[in-house]
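Sequences and hints are given; from them, build the entire structure.
Read off the chains here:
Number of protein chains: 2
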Amino acid sequence: MSDKKAKKTKIIEPRVLKGFRDSLPAQEIPKRKIINKLETLFSTHGFVPIDTPALEYTEVLLGKGGGETDKQIFSFQDNGKREVALRFDLTVPFARFLAAHYNEVALPFKRYHINKVWRGEKPQKGRFREFYQCDFDIVGADNAEADFEILSMMNTSFSKLGIQNYTFCVAHRGLFNAFLKHLDVIDESGEILRCVDKLRKIGEEEVKKQLVDITGSSEKADSILSYITKIDGESFLETVERLSALAGNEIEHSQRIKDIYSYLLASGIESHFTFDPSITRGLDYYTGIVYETFLDDLPSFGSVCSGGRYNNLASLYTKQELPGVGSSIGLDRLLSALEELDNNVIGTSSSSDVVVFNEDAKTYAYGNKIAAALREQGLRVDHYLIKKKLNQQFKYAETNQIPFGIIIRENDEENNTFTLKNLNTRNNEDNLKVEDAVKLIKQGI
Amino acid sequence: MSDKKAKKTKIIEPRVLKGFRDSLPAQEIPKRKIINKLETLFSTHGFVPIDTPALEYTEVLLGKGGGETDKQIFSFQDNGKREVALRFDLTVPFARFLAAHYNEVALPFKRYHINKVWRGEKPQKGRFREFYQCDFDIVGADNAEADFEILSMMNTSFSKLGIQNYTFCVAHRGLFNAFLKHLDVIDESGEILRCVDKLRKIGEEEVKKQLVDITGSSEKADSILSYITKIDGESFLETVERLSALAGNEIEHSQRIKDIYSYLLASGIESHFTFDPSITRGLDYYTGIVYETFLDDLPSFGSVCSGGRYNNLASLYTKQELPGVGSSIGLDRLLSALEELDNNVIGTSSSSDVVVFNEDAKTYAYGNKIAAALREQGLRVDHYLIKKKLNQQFKYAETNQIPFGIIIRENDEENNTFTLKNLNTRNNEDNLKVEDAVKLIKQGI
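First to last, the sequence lines map onto chains Y and V.
Just add 1204 to the spot in the first sequence (first one is 1) and you have our numbering.
Just add 1204 to the spot in the second sequence (first one is 1) and you have our numbering.
Simulated from the structure, these hints should not be mistaken for laboratory data.
Hints may contain errors.
Output of the computed footprint for chain V on chain Y, the stretches with three or more beta carbons under 8 Å from beta carbons of chain V [unchecked claim]:
1. 1312-1325
2. 1518-1528
Beta-carbon label-pair distances, calculated as ranges [said to hold, decoys possible]:
3. Y:1364 - V:1282: 34 to 40 Å
4. Y:1544 - V:1573: 33 to 39 Å
5. V:1217 - Y:1544: 43 to 49 Å
Straight-line distance between alpha carbons at most 30 Å, and here's what the computed DSSO-like set of lysine-lysine pairs gives [unchecked claim]:
6. V:1566 - V:1591
7. V:1364 - Y:1637
8. Y:1523 - V:1592
9. Y:1235 - V:1241
10. V:1462 - Y:1592
11. V:1637 - Y:1241
12. V:1646 - Y:1237
13. V:1646 - Y:1364
14. V:1643 - Y:1364
15. V:1364 - Y:1235
Don't be surprised by glycine CBs; every beta carbon is placed ideally from N, CA and C.
Written out as C-alpha cells, the structure reads:
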C-alpha cells in the first residue's frame, strides 16, 4: 500500500488474543535473567540444549493424550489440510525427538529445553494460554544416580535462583503400585491416583468418598488414605520403611529410594527433601519417583517444579526402551512467585547501570567514547539520544530504573573527564575519569 | 490410557511437519551461544528485551500486509472461530506492541526481541518455515544519532560474533524518493523500488526492461539505472554528493547521511560501511536510511542483517507518531554462514569441558564432590551415570566432544586426588588435586 492509502486506513485496535499477553521490559528483564541463570547451570552440569518445532502433527502430539489434553490443545487445520497443533508441553515432543534421533545422541542423554508451550485452557488469574516451561531430563539410565542427579539439579536451581525456603515432596509410583497390588485394587490404579492427586484441592473427606466409589470398599478406601497420609515427625527413611511394610514388605522400589536418599545425604542437601506419599502426579506415564516443589513462604501457590521417572515414555514412537527421569519448572509461575517474594536474584528491572545524558550535538561523539569505555569495564551503559532538557532525561532514567547519569560539561572533552550524578541522592561528582566512575557505580555510591 | 492399552497401541511415526525441524545439541549449542552473546551486547547498550504472543489475530498481523505476506502467513481458525495466525516477523507485532503500551515505556525506546517467527513459504535449501529472528529498534528519535546507534550496534554485533569480513551496504529511501520526484515518476515509486530491489537477482538488463514498462520512458529508465549504479572507487561521501545532485540538489536527506557518516568516522568503524544506491528494500514502510549486510567471504549468501528507518510503522494501530529505526538479523541463516566460515566464536559443540567417569558405585558420591569443586572453578563438568567399561564411557565423551575425563582410582578418595585423562592424546596425569586439574583443563593440555 502507498503512503496515501496508509493515511486513509482505519486504525486497527492493537489487541491480543484472550489468554495471551505482551511481555514488557519490566517482566522480560527478570525472565531473561532466570533463563540465563538456568541455562548456565544446566550447561555446567553436562546437560545439552535441544529445541523442537512449536507446531506438530496433532496425531503425534496427542498420541499419549487423555481427554484432558485433547480438550486443551490448540489444534488447527493448516492450508495443506493437515491437522496440526501447538505443543502442549515439552515432554511429548521430547519423546518424539528421542524416537527420531535415537542414533544421533549418546546415552545417557541429558538434555534441557526452555521454550514456550500453549494450552487452550480457560484463562484465569496467573494462568495464561502461552507460557514458558523449562524441562530437564536424563534418558538411558534407570538407576539411583540418575534419579539423584535430577533431584540435585532441582536443588541447585532453586538455590542459585536465590530462593531461601523450598521443599521437594518426593514419592514413588512403583511403591504405590506395589501397595495397590497388595491391596488387590491395581486394576483401578489409574482412577485411584487421579483421585489421590486431588487431595490438596478437594480435601480428605471428598477423596475418601470417591475412593469408596472406586474400590467398592470403605476398608480399602481407609487403607489408601492411611498410605497417603504423611505422619508429622516421621523421618524420610522411617516413612519409606512404613510404606514398604504397607506394600507387603516391598523391597525393590524402597531400596531405590534409600539409595537416592544416601546420595542426598552425601551431598548435604537432604534437608530440602521430604517423603510425601500423597504426591502421585495425575499422569499415567510415571513409573518410579515422582515429586512436586512447594515454596515454604507461599504455601498456597502450588507446585512450581515437578516431574518423575517414566520408563516407557517414548514407547508410542519407538520399540526402543528409553527409561527416563526428569523435571519441569513452570517459568512464568515461578517468576510471579519470585516477584511476590522480593527475590534478590531477579532484583530490579533496571535497564542499565548508567546513562550518558545528551545536551549538545558537539559532545555526542565524546559521550559515545565514554559509554564504550564504561562498557569495557563491564557496565551496562545507555546513551540518551535526543537533546532535551536534563529534567526530561532524568525522567527517562527513572522510568528505566537507571541509578546513575553522566553529564558532560565544558572542557570535559579536552580533559577526558565528566560529571557522575547519583540519580537517587542527586549528588554530583565532577571531573571524574572512567576508572573513578566505575568504582562509584559498582559500589552504588 | 492404562499400561495395558499402551502396549497395544501401534507405533506412531515420529515425523515433523514439512519445513520444520528439530534442533539437536550440535545445532542448539552454537545457537544458544550466539543468542547469549547478542543478549549481553544489547543489554550492555541500553536495549531492553520484550516479547509478544506467537499467535495473534490475523487481522492485526496482516494490517500492513501486501499480497506476499498474505500468502506466506500461517493462519488458522481457532476453536472459538477466531481467525488467528502465527507471527510472520517481529516488526508488525512490535508496531502493535508500541500502540498498546505507548504510555508504559519511556521514549526513545530501545528494544530487542529474539524469538521465533513462522512463514508458510515453500521449504527449500536453507529456508525453513520456523526460524529465529533477532530484531533491535529505536523508537521515538528521528535523528542521525539514532540512525548511527543502530548501525553501530550492527557493527558491534558482527565484530563480537568474531566475523572478520563484512560490509554494510547503506542507502537512503528519502533521497531516492526525492530523486524520483525530481524525475517526475514519484507516483510509480512503489513499483520502481520493488523492481530495483531485484537487481542482484535478475540483472541490469531485465531491470531496465521493467523500468521502461513502469515509467514509459527509456530515458527515465536510464536515469534510474544510473542513480542505482555504484561507481567503483567513489568514496561514501562522493556518492552521497553525486546522488544529491541527481535528486536536484536535495539537502535534507543528504545532510542526515553526512551526519551519520561523521559519527561512523568518529567511532572509527566507517570502513565497514559503503553507500550502495541499489539497496532499496522492497517494503513500503521505510522512509530514511536502509541497509543490507553481506559477508565478504560468502558473497552469494545474500543479506544476513537488514533494516532501515520507518517513520509511520505504528500508524495502523495508533494516531501517535512513532518514528523508528531498526535492524533484523536472520539468526538461523547467520548460524549456517558462521558454520561455513568455521567461526571461532561458536567454536565446537562440545557439551562439557570434562566428564567424571564412573566405574564403582562406592566412589560415585566422591565423583560428585570433584565435579562440584571443578564447577566452582568455572568449568562445565559432566558426570557419567552408569557403571560401564571405560571404553564405552570414552565413546560417550567423544560423541559429546568432551576433551578431558576424570578417572577415580583406589586410594584417590582418601587422598582427595584423581587421574585426569586427555581424551585426545590419551595421556594420563595421576594423583592430581582439583587446582592442578583446573590449570591443565583450561590450558587444554
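Going through the hints against the structure:
{"no.": "1", "hint": "1312-1325", "result": "holds (count 6)"}
{"no.": "2", "hint": "1518-1528", "result": "holds (count 5)"}
{"no.": "3", "hint": "Y:1364 - V:1282: 34 to 40 Å", "result": "39 Å, holds"}
{"no.": "4", "hint": "Y:1544 - V:1573: 33 to 39 Å", "result": "35 Å, holds"}
{"no.": "5", "hint": "V:1217 - Y:1544: 43 to 49 Å", "result": "45 Å, holds"}
{"no.": "6", "hint": "V:1566 - V:1591", "result": "11 Å, holds"}
{"no.": "7", "hint": "V:1364 - Y:1637", "result": "26 Å, holds"}
{"no.": "8", "hint": "Y:1523 - V:1592", "result": "23 Å, holds"}
{"no.": "9", "hint": "Y:1235 - V:1241", "result": "17 Å, holds"}
{"no.": "10", "hint": "V:1462 - Y:1592", "result": "22 Å, holds"}
{"no.": "11", "hint": "V:1637 - Y:1241", "result": "28 Å, holds"}
{"no.": "12", "hint": "V:1646 - Y:1237", "result": "27 Å, holds"}
{"no.": "13", "hint": "V:1646 - Y:1364", "result": "24 Å, holds"}
{"no.": "14", "hint": "V:1643 - Y:1364", "result": "25 Å, holds"}
{"no.": "15", "hint": "V:1364 - Y:1235", "result": "24 Å, holds"}
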